[in-house]
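Chemist: Next come the chains, spelled out residue by residue.
4 protein chains.
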Amino acid sequence: MAKIAFIGLGNMGGPMAVNLVKAGHEVTVFDLVPAAVAAAVAEGAQASDSAEVAAKGKDFIVSMLPASQHVEGLYIDGTGLLDIVDKNTVIIDSSTIAAESARRVAEEAAKRGIKMVDAPVSGGVGGAVAGTLSFIVGGTTEAFELVKPILEAMGKNIFHAGDSGAGQVAKVCNNMLLAILMAGTTEAIGMGVKNGLDPAVLSDIMAKSSGNNWALQVYNPYPGVMETAPASNGYQGGFMVDLMAKDLGLAFDSAVKSRCSIPMGSMARNLFAMHAANGNGSLDFSSIQKMFADLD
Amino acid sequence: MAKIAFIGLGNMGGPMAVNLVKAGHEVTVFDLVPAAVAAAVAEGAQASDSAEVAAKGKDFIVSMLPASQHVEGLYIDGTGLLDIVDKNTVIIDSSTIAAESARRVAEEAAKRGIKMVDAPVSGGVGGAVAGTLSFIVGGTTEAFELVKPILEAMGKNIFHAGDSGAGQVAKVCNNMLLAILMAGTTEAIGMGVKNGLDPAVLSDIMAKSSGNNWALQVYNPYPGVMETAPASNGYQGGFMVDLMAKDLGLAFDSAVKSRCSIPMGSMARNLFAMHAANGNGSLDFSSIQKMFADLD
Amino acid sequence: MAKIAFIGLGNMGGPMAVNLVKAGHEVTVFDLVPAAVAAAVAEGAQASDSAEVAAKGKDFIVSMLPASQHVEGLYIDGTGLLDIVDKNTVIIDSSTIAAESARRVAEEAAKRGIKMVDAPVSGGVGGAVAGTLSFIVGGTTEAFELVKPILEAMGKNIFHAGDSGAGQVAKVCNNMLLAILMAGTTEAIGMGVKNGLDPAVLSDIMAKSSGNNWALQVYNPYPGVMETAPASNGYQGGFMVDLMAKDLGLAFDSAVKSRCSIPMGSMARNLFAMHAANGNGSLDFSSIQKMFADLD
Amino acid sequence: MAKIAFIGLGNMGGPMAVNLVKAGHEVTVFDLVPAAVAAAVAEGAQASDSAEVAAKGKDFIVSMLPASQHVEGLYIDGTGLLDIVDKNTVIIDSSTIAAESARRVAEEAAKRGIKMVDAPVSGGVGGAVAGTLSFIVGGTTEAFELVKPILEAMGKNIFHAGDSGAGQVAKVCNNMLLAILMAGTTEAIGMGVKNGLDPAVLSDIMAKSSGNNWALQVYNPYPGVMETAPASNGYQGGFMVDLMAKDLGLAFDSAVKSRCSIPMGSMARNLFAMHAANGNGSLDFSSIQKMFADLD
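Residue numbers (our numbering), protein chains in the order written: chain A, 401 to 696; chain B, 401 to 696; chain C, 401 to 696; chain D, 401 to 696.
Derived from the structure by calculation, the hints contain no laboratory data.
Computed from a predicted structure; not experimentally measured.
One should not assume that every hint holds.
Chain copies aren't distinguished; within one or between two, either way the pair holds.
List time: in silico DMTMM-like cross-link candidates among lysine to aspartate or glutamate, alpha-carbon distance up to 25 Å [to be verified]:
| id | residue 1 | residue 2 |
| --- | --- | --- |
| 1 | Lys403 | Asp459 |
| 2 | Lys548 | Glu426 |
| 3 | Lys556 | Asp604 |
| 4 | Lys608 | Glu627 |
| 5 | Lys556 | Asp598 |
| 6 | Lys657 | Glu472 |
| 7 | Lys487 | Asp694 |
| 8 | Lys594 | Glu500 |
| 9 | Lys548 | Asp459 |
| 10 | Lys608 | Asp642 |
| 11 | Lys690 | Asp642 |
| 12 | Lys608 | Asp563 |
| 13 | Lys646 | Glu500 |
| 14 | Lys556 | Asp694 |
| 15 | Lys511 | Asp477 |
| 16 | Lys657 | Asp598 |
| 17 | Lys657 | Asp477 |
| 18 | Lys422 | Asp459 |
| 19 | Lys487 | Glu500 |
So that you can see chain A by itself, here it is in the shape it has in the complex (with noise of 0.2 Å):
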C-alpha cells in the first residue's frame, strides 16, 4: 500500500480521497475548508496543515483543483511543491485544466526529475462516490504503468491517451463531442415531438438506427423517456449547465491556440452559455432540452 498525499477535497475529490482510504492506502488530505478535511478523516485520512507538510515524504500526491492558475500555483508558482518533494514522489493531477498548462506543469517537474501524470476524470460526483470514474492519463508509458493501480482505486476505466497534456487534450475533445451530441438530441426530439411524435418512441427508433449516442442510451434529456435520467427528476443532480460551459471554455481555448475549426462545438458552446444565461447554470445539462421543446 502507498502513502499518498491528496490535495482538493471538493464534491469529487472528497469521495476520491475516501476511496484510496477504503483501498487500504495511508492517505494524508489538505484543502483550505477545514469542513472538507474533516469528513475526510472521518473516512479515516490523515490531516495536515498545508499542502507543503501532506506532500513530503509521500510514493503519490494526488490532487484535484478548480482551474489552470490552482494547479500552476501549487506546483510552481506560489506552494511550489515540485521543489519540496521527493525526486521519486508521482504526481497525479486530476484537475480539468488547459493542456498547456498541465505540459507546463509536467515539463517543470521533468526538469527536477519527478514523473507527473495529467488524469482528468469523468463521471460526476456519482462516480467519485462509487468509484466507476474514467480516467484519462497524459504521460509516459512508465509513469502510466506507476498511477494505474492507483487510478483503479477510484476508477473503472483507466485510458492512456498520449504524453503530457494528451489527458485534458482527450477530455476537453470527448465533452465537446458530449454537448454536442447531447444539444443535438434534444434539437431532434424537440423537432419530432413538435411534428407529433412520442418522445419514447422516436428516442427508441432513433438508438436503434444511426442516430444513436450516449444520450440515448443512458442519459435521455426528455422528461418521462427514461426514469433514472436527471431529465425525469426535473433535471436535478448529474452534470452541472455551468460545468459544461467551463468545458467547453477549454474547448474554445484550445480551439483559438491550435488554430482549429469547431463549428459543431462553438454553437453548442454557445447554447450552453444562453441557457446557463437564462438561469439555468445548476440544472444538469441535458436541461438544454427546454430550449426546444416546450416543457412545464
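Could you slot chains B, C and D onto chain A? The hints should help.
Modeler: Then chains B, C and D, alone, in the frame of chain A:
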C-alpha cells in the same frame, strides 16, 4: 404469399424488389429505365409496361421514388393510382419525402378507403441488398400489422413511429441527428489530432466514454481507424454527401413549417452543403472529416 | 392617370392603395375583409365585390397578399385572373413570396401575353403610410419602365433587380443580411456591456468604424441609445419577429433549392426562431438584443 | 513638441512613428529588427540600443507589439519599463491584446503613479501610412486628454471608450461585428448570384436598403464590383485573414471570460478559421467570399 407491385427500381428499389421475390412473393415491377426492369426480371420478377398495369389486382404496392413530387404524381396528380387500384390493396411508400406530402397522399387514399403507410428506410444500398434495412413506418396500427410481414422480407428492424407522416418525421429527425453526430465526431477527432493525439486512441476513449455514438461504433470517419469504414477506403461507398444534403434539406423544410429552432442541425446542414459545393458530393458523408483534419 | 385594381388591403396594402388614390389614380379595391374595403373607400377608392370584377378593364393590377399559395391562387389555380384580364393590363405583385412562385406566375402570364413584375417592398407599415417604401422589382426592362411611375406613388426607391423572380431573390438576400446585421450588432453590444462599456459609446465607436451598419445608423437595438428606435419604446412597433422569421424561412427554402450554404443566415434564423418560441413573436425584431444582455 | 519613445516598428508601428516625426515630435525608436530601426532613422527618428534607454526621460512612450505577452514583458515581467520610466511619462499601448492584459499593465502602472492608456487602432497599414487610423482609447479622462494630441498626429478618429481595457474591449467588439458583417454580406451576395442576380446590382440594392453596412459601402467582397476594393485585386492587400482570425480568437477569450454567448461571432470565427486552414491566411479577409461563390 402476396401479389406485390413494385414501382421504382433504383439503387435501393432494385435489390428491395429482388428480396421480395426471394421471399416467395409474386412481384410485378415497373421503372422508366428498361435495364432496371430487366435486372429484376432476371431475378424472378415479372415486368410490366406501366405503373397502372402493374398496380392492378395486387395485395400490396411498394413504391421507392426520388422525391415528393414523384410520389404525389404516382398516386394522385399524374398517374393517379389511387383511382385505379382495388380498395383492399395496401400501399407502402418507402421513398424519403416531406412528411406533409406523405400525409397528403395517405389522406387521399383514406378518402377512397385505401390503406397506406409511409415507410422510409435507413441502411443504404448495402442494407437493401442484404435485406437488413430499417423501416420507419407511419400509419395506423392496423396498417402497420398488415405491412410488417412484407417489410420483414426486406429489412431487419421494422419500427412503428406513429400515424401517417410519422415515418418521414422520424427519419428526418434521425438523419439530422446522424449528420450532427458525424460532423461533431470529425470535429472532435480533428481537434485531438491537431493537438497531438492518435485518432484511434482518441476514438477508443470517446467510444467508451460519454462521447459514444454510432459513428465511433461502426463508421469511424478518420482514415485507418476502422478498416471496414468508408474512411479507410477513400470515402467510397456508404451514404453520399449529396443524399445527406437532400435529407437535411427536408429537415430545413420541416423546421420552417413547424417553426422549430434547429441550430445544431442547421450548422450540420451548412457544413455538408459547403462540403458538396467543394466537389465532394459523391463521397461518403463521413468525408466531412476532411474539413477538420489535414488528410491527403 | 391610370385605372388600377388593388387586391389585398392588409396593414401594408391598405395604405399603399390610399397613396395611389392620393396620386390621382382611379383605384378599385378588393379584400375579403369588408372593413378593409370600407377604409379604402372612405379615402376615395371604389369597392368591388370580387377580384375578378375589380381586375377587368384595368391598366394595372397591384396585389399584396400573405404567401405564395395566395398569389398562385389569385392568378392561376383558384380565381385565375390571368385568364380574365385584358392582354394590355400590367400586373404588379408586391407580396413577399418564394422566387419560384413569382417565376411560375410570371411565366403563365407571359404565355398569355401579359406583362407582370414581382415587386416586393421594404420599409414596413410606416413606409407604406408615408409612401416611402422601397420596391425591388423583378421583370423585363420594358415592364419595369411601365410600372415605375405607379410604384413611385407608393415608394421612394424603385430598384430593378433583374428578370422575373429577381425582386424576390434580392429581397430575401437583403432581409437575411438584415437579420445577420441585427443579431450580430446585439451580440457585439451585449459583449461590450458585459465587459463594462456604455452601449451608447460603443455604438458610436462602431458606427464610425468598420462595424458600421444600418442597425447602428437608424435602428439601435439597445434601449435608450436611440430615442426613436423601437428599442427605446419597449420594442413595440417596427418589424415583428414573426415576420422576420417568415422571411428567414424563405431564405432557408431558397438555400435548399439553390444548394447554397448560408451558415450566418441559418444562425440568425435559428436565433429569431428561438426568440419567437420564447414568446417574443410580436415584438420588434431588434428585441433579439434581449438574448445578449440582461435587460429588464 | 514632445519627447516620445516608440517601441515596435512593424508594418503598423513603422509608419506610425514616422508620422510622429513629421508632426515635429522628437522620436526615439527601438525594435529588435535593425532594418526597421534604420528605416525610421532615415525619416528623422533617433535610434536607441534598447527599450530601456529609449524610454528614459520621455514625455510619452508608444508601444505597438504583437500580443499580450510581449506587452506584459515590456512593461512588467521582462524589460520592466514601469520600474524605469519617470513618473510623469505617459504610456500609450497601441497593441491589440486581451483586455485583461491591458488592465493588468495599467494597474501596475497606476501603483507606481504612472498614467497609461490602451489605444488599439483600426485602419490597417494604409491608415498607418496616411495618418488616418482610428484609435480606441481606454483610460481615465485625464489621461485621454493628455494622449489625444499625440494620437492626432497618427490618426483621424480618436475615441474614448472608457476606463483601462475599454479600448481593447471596444476594438474586439467592433472587429467581431466586422467579421459578422463581412461573412454575412458574402453569403447574401453568394445566394443572390447563385439565383441569377448581378452582384453589383444586388450590392447596390442592399447598400441602399436595410442590409447596408461598411462592407457594401467601401469594401465590397465580390470581384469587380468595387474597383478599389481588395476583391478586385485578387484579394491582395487589406486586412489579412490571419489577423482577423487572431482578433476573433481574442473575442473567444473575452466571451469565455465574461460568460457571453456569441453565436454569430463564433460562426464567423469558425468560417475564417476554416478559410485560413484552406490556405487563404495571407489573403484579404473579404476573400471569405470564395466560400460562398464559385470564383476563379
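Chemist: Against each hint, give a clear statement of whether it holds in the structure.
Modeler: Here is what the structure says about each hint:
no.: 1; hint: Lys403 to Asp459; verdict: within (5 Å within a copy, 61 Å between copies)
no.: 2; hint: Lys548 to Glu426; verdict: within (17 Å within a copy, 63 Å between copies)
no.: 3; hint: Lys556 to Asp604; verdict: between (28 Å within a copy, 15 Å between copies)
no.: 4; hint: Lys608 to Glu627; verdict: both (19 Å within a copy, 23 Å between copies)
no.: 5; hint: Lys556 to Asp598; verdict: between (35 Å within a copy, 22 Å between copies)
no.: 6; hint: Lys657 to Glu472; verdict: both (19 Å within a copy, 19 Å between copies)
no.: 7; hint: Lys487 to Asp694; verdict: neither (58 Å within a copy, 41 Å between copies)
no.: 8; hint: Lys594 to Glu500; verdict: between (44 Å within a copy, 14 Å between copies)
no.: 9; hint: Lys548 to Asp459; verdict: within (13 Å within a copy, 61 Å between copies)
no.: 10; hint: Lys608 to Asp642; verdict: between (31 Å within a copy, 24 Å between copies)
no.: 11; hint: Lys690 to Asp642; verdict: both (16 Å within a copy, 21 Å between copies)
no.: 12; hint: Lys608 to Asp563; verdict: between (36 Å within a copy, 20 Å between copies)
no.: 13; hint: Lys646 to Glu500; verdict: both (16 Å within a copy, 19 Å between copies)
no.: 14; hint: Lys556 to Asp694; verdict: neither (38 Å within a copy, 34 Å between copies)
no.: 15; hint: Lys511 to Asp477; verdict: both (15 Å within a copy, 22 Å between copies)
no.: 16; hint: Lys657 to Asp598; verdict: between (43 Å within a copy, 19 Å between copies)
no.: 17; hint: Lys657 to Asp477; verdict: both (23 Å within a copy, 22 Å between copies)
no.: 18; hint: Lys422 to Asp459; verdict: within (17 Å within a copy, 67 Å between copies)
no.: 19; hint: Lys487 to Glu500; verdict: within (23 Å within a copy, 37 Å between copies)
Taken one by one, the earlier hints fail for this structure at numbers 7 and 14, listed in ascending order.
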